[in-house]
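Residue numbering for the sequence shown is -18 to -1, 1 to 83, as defined by mature numbering (1 follows the signal peptide of the UniProt record, and there is no 0).
Since the hints were derived computationally from the structure, they do not count as laboratory data.
One should not assume that every hint holds.
Simulated crosslink set (DMTMM-like; lysine to aspartate or glutamate; CA at most 25 Å straight-line) [stated by the list, open to error]:
{"hint": "1", "residue 1": "60", "residue 2": "34"}
{"hint": "2", "residue 1": "42", "residue 2": "32"}
{"hint": "3", "residue 1": "45", "residue 2": "27"}
{"hint": "4", "residue 1": "77", "residue 2": "51"}
{"hint": "5", "residue 1": "60", "residue 2": "32"}
{"hint": "6", "residue 1": "48", "residue 2": "33"}
{"hint": "7", "residue 1": "17", "residue 2": "51"}
{"hint": "8", "residue 1": "77", "residue 2": "33"}
{"hint": "9", "residue 1": "77", "residue 2": "35"}
{"hint": "10", "residue 1": "36", "residue 2": "65"}
{"hint": "11", "residue 1": "22", "residue 2": "65"}
{"hint": "12", "residue 1": "42", "residue 2": "27"}
{"hint": "13", "residue 1": "17", "residue 2": "34"}
{"hint": "14", "residue 1": "42", "residue 2": "56"}
{"hint": "15", "residue 1": "77", "residue 2": "34"}
{"hint": "16", "residue 1": "60", "residue 2": "35"}
{"hint": "17", "residue 1": "60", "residue 2": "27"}
{"hint": "18", "residue 1": "48", "residue 2": "27"}
{"hint": "19", "residue 1": "36", "residue 2": "24"}
{"hint": "20", "residue 1": "17", "residue 2": "56"}
{"hint": "21", "residue 1": "45", "residue 2": "65"}
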Amino acid sequence: MKYAIILAFFTIAFTSSAQQVQTERVFTNAGYPYKNLIMKAERIELIYSEDEDKTNCRVKVYKSGKLHESAPMEVSSKAFSSDPVQSCLARQNAKQILSLL
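All chains, please: the whole structure from these sequences, using the hints.
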């Protein structure tokens, strides 16, 4: 019986990992409030699409089962590549989300 439970656990673990979206770790040196936001949140998603010299992006912040999402923004690809979190999330919005965490 315990082998069946262990086998079921591994089967569920492997099937759920096969459906995950490709992720990448992004670090920021932008300081307050971005660093604090990253440290307090359980997960931060940066959703973006690139189109020639423009990047459309938005940020999703998860904490305790709650989602806080920024408005979509269009930024230059150069700004996005140098500091993606800061360019996609305005400082005032980052402070507001940080206060809700």
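Cross-check of the supplied hints:
no.: 1; hint: 60 x 34; verdict: holds, 11 Å
no.: 2; hint: 42 x 32; verdict: holds, 18 Å
no.: 3; hint: 45 x 27; verdict: holds, 12 Å
no.: 4; hint: 77 x 51; verdict: holds, 13 Å
no.: 5; hint: 60 x 32; verdict: holds, 11 Å
no.: 6; hint: 48 x 33; verdict: violated, 31 Å
no.: 7; hint: 17 x 51; verdict: holds, 17 Å
no.: 8; hint: 77 x 33; verdict: violated, 29 Å
no.: 9; hint: 77 x 35; verdict: violated, 28 Å
no.: 10; hint: 36 x 65; verdict: holds, 14 Å
no.: 11; hint: 22 x 65; verdict: holds, 19 Å
no.: 12; hint: 42 x 27; verdict: holds, 5 Å
no.: 13; hint: 17 x 34; verdict: violated, 29 Å
no.: 14; hint: 42 x 56; verdict: holds, 16 Å
no.: 15; hint: 77 x 34; verdict: violated, 31 Å
no.: 16; hint: 60 x 35; verdict: holds, 8 Å
no.: 17; hint: 60 x 27; verdict: holds, 20 Å
no.: 18; hint: 48 x 27; verdict: holds, 13 Å
no.: 19; hint: 36 x 24; verdict: violated, 29 Å
no.: 20; hint: 17 x 56; verdict: holds, 22 Å
no.: 21; hint: 45 x 65; verdict: holds, 23 Å
The structure fails to meet hints 6, 8, 9, 13, 15, 19 from the earlier list, while all remaining hints are met.
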